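**Student:** Residues per chain, in single letters:
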Amino acid sequence: MTTVVEVDRVSKSFGAQPVLRELSFSIDQGEIFCLLGPNGAGKTTTLEILEGFLTPDSGSVRVLGCDPMTSGETLRRRVGVVLQESGFPKFFRVGELIDTWRSYYDHPLPYDDILDLVGLRSDEAKLVRKLSGGQRRRLDFALAVAGDPEIIFLDEPTTGFDPEARARCWEAIAGLRELGKTILLTTHYLDEAERLGDRIAVLLDGAADAIGNTQELAQLARIGVTVSFQAPARVADQLAGEFPGLDAADEMVEGQIDDVRALLRRLEMLEEQASQRAFTSLRVQPPNLEQAYLSLVGRQSNPTEPTPR
Amino acid sequence: MTSLLVRLGRQTKLEQRAFWRNPDYAFFTFLLPLLLLALLGAVNSGDEIGDRTDINAINLVVPGVVAFAVMVSAYANLASRLAVLRADGVLKRIRTTPLDPRAYLTAQLLNTLVTTLLASAATILLGFVAFDVSPRAEGVLALLVGLVLGIICFAALGLALSSAISHADAAGPITHATYLPLALVSGVFDPSINIPGWLETLVSLFPVQALVELLVAAYDPTADGVSLGPVLVLAIWGIAAIAIAMRTFSWVPSRK
Chain A
42 MTTVVEVDRV
52 SKSFGAQPVL
62 RELSFSIDQG
72 EIFCLLGPNG
82 AGKTTTLEIL
92 EGFLTPDSGS
102 VRVLGCDPMT
112 SGETLRRRVG
122 VVLQESGFPK
132 FFRVGELIDT
142 WRSYYDHPLP
152 YDDILDLVGL
162 RSDEAKLVRK
172 LSGGQRRRLD
182 FALAVAGDPE
192 IIFLDEPTTG
202 FDPEARARCW
212 EAIAGLRELG
222 KTILLTTHYL
232 DEAERLGDRI
242 AVLLDGAADA
252 IGNTQELAQL
262 ARIGVTVSFQ
272 APARVADQLA
282 GEFPGLDAAD
292 EMVEGQIDDV
302 RALLRRLEML
312 EEQASQRAFT
322 SLRVQPPNLE
332 QAYLSLVGRQ
342 SNPTEPTPR
Chain B
81 MTSLLVRLGR
91 QTKLEQRAFW
101 RNPDYAFFTF
111 LLPLLLLALL
121 GAVNSGDEIG
131 DRTDINAINL
141 VVPGVVAFAV
151 MVSAYANLAS
161 RLAVLRADGV
171 LKRIRTTPLD
181 PRAYLTAQLL
191 NTLVTTLLAS
201 AATILLGFVA
211 FDVSPRAEGV
221 LALLVGLVLG
231 IICFAALGLA
241 LSSAISHADA
251 AGPITHATYL
261 PLALVSGVFD
271 PSINIPGWLE
281 TLVSLFPVQA
291 LVELLVAAYD
301 PTADGVSLGP
311 VLVLAIWGIA
321 AIAIAMRTFS
331 WVPSRK
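Residue numbers (our numbering), protein chains in the order written: chain A, 42 to 350; chain B, 81 to 336.
In case anyone wonders, no lab produced these hints; they're calculated from the structure.
This one's a predicted model, so the numbers in the text were calculated from it and none came from an experiment.
Take the hints with a grain of salt, since some may be wrong.
When the alpha-carbon atoms are kept at most 27 Å apart in a straight line, the in silico DSSO-like pairs for lysine-lysine are as follows [what the hints assert, rightly or not]:
1. A/Lys-167 / B/Lys-93
2. A/Lys-131 / A/Lys-171
3. B/Lys-93 / A/Lys-222
4. B/Lys-93 / A/Lys-131
5. A/Lys-222 / A/Lys-171
The calculated label-pair distances, taken between Cβ atoms and stated as ranges, are [said to hold, decoys possible]:
6. A/Ala-208 / B/Ala-323: 50 to 56 Å
7. B/Pro-181 / A/Glu-331: 54 to 60 Å
8. B/Ser-246 / A/Ala-215: 37 to 43 Å
No residue lacks a Cβ here, since even glycine has one placed at the ideal position from N, Cα and C.
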């Protein structure tokens, strides 16, 4: 795997306010990498450093092997950017704007491919100022991919969207993945990260200590597998005593454990000893991102705002 | 080089198209100098200037209003438009592309040049149609030099000023405060204004006076045509403005 983005112990403060603290991560070619974190965690600052808009106070950054601060134009030919908030020249038509953007690059994507990718085919002749919020976001995408970039930075691509607009946006991102693009995306939506991200970095207080897919994050957060089953009261109490993660009440056992196999072996053993069924209605649920995230966030002293799901 | 020219042409054409699609912006850009000339002309078209017998006040009012059109369209409007484009994040978006930022800004200057030349031409035409005042044949060179150099100088100043406007809603107060008082004492609205000598000297160092002088030379039979002084003043201010803009121009919204 080729590493295309490398962030190494980057720190950045605005005045006395530290925003990034020795942040490190790297992104491989072709993956969708998600920076997940509450508002103010430093997501946009990280992207702006990678885009060459901000210089880190310390640490180093490499995008496609280049320093974004010094290799401006060369890098901008190979990178597409969807900023968190940025306006359009309002009196341009959609098609004109896409074509203008294509003209800025040496090897742009074909015009029609762009329209189809973002689903703006029927709005081609509209003035930009007449577009809805969702359509504008898709135009953001269109302009970001116009130059057929190798990497795309997406800063909170679906914040403030209704469910339908989000779904369309996700489709567009999935389309980019199929084109083999490397994508770095920031979000504070858990479902977005879980659905799109090959790997997720949980950014808290300017550092990403937990990076991985959902399973790996759950391990880091020490979240076990959620199990529940019914058992006779005597068995239930005994198991709750043996497995610290389990609670028993009214012949119902519930809780989280690290080692499901150990529990299953124990249950089998109990059945053999008693020659009768020791349990019924067993349910086993793998950890999800929400549990892992809330556990990781909960360990931080700073309060974070609730994440909509 | 060819590709840069093609790029500039293309970008300028787009900006022009967008300008005409914004009807309020286009309409009022033209309305302001035309209305001003109509009013000033109606008030003092027949007034005498001192004891001169060859021309009336209106001969000098027309070039004054043209100078004002240049200041409003090239300086004030460009500065506030750039401030809005910056605050809206349009400039930041442009900066994420490989487009040479100098090409983008040059296209903005060229777009301003085209628009302002048209507004000036409309004003000159109104002067002819309504008040029978037109530039002298010998003054055409001064008129062209004054207009082109003046517009580029004031647009460059607008470009430089735009970075000092950290919030777009301050654009109006900042631009007006920087050119209106100068316009007044430079005789833009009243060619026979009397100001003290020391102020006269001071004002002659600024580009407003220089622009008025060149344009007046196109209309005043006693003038010499293109004189070096005002040309130098406009050139120096223009070059200084571009130098300042190159150092201070910001593509991202203010964090302040």
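**Student:** Each hint needs a verdict: does it hold in this structure or not?
**Tutor:** The hints, checked one at a time:
1. A/Lys-167 / B/Lys-93: Since the Cα atoms of A/Lys-167 and B/Lys-93 sit roughly 19 Å apart, the hinted pair holds (cutoff 27 Å).
2. A/Lys-131 / A/Lys-171: holds (9 Å)
3. B/Lys-93 / A/Lys-222: Cα-Cα ~33 Å, so violated.
4. B/Lys-93 / A/Lys-131: Holds - the C-alpha atoms of A/Lys-131 and B/Lys-93 are around 16 Å apart, at most 27 Å.
5. A/Lys-222 / A/Lys-171: violated (30 Å)
6. A/Ala-208 / B/Ala-323: 50 to 56 Å: holds (51 Å)
7. B/Pro-181 / A/Glu-331: 54 to 60 Å: Violated - the Cβ-Cβ distance for B/Pro-181 and A/Glu-331, about 44 Å, lies outside 54 to 60 Å.
8. B/Ser-246 / A/Ala-215: 37 to 43 Å: holds (40 Å)
In summary, the numbered hints that this structure violates are 3, 5 and 7.
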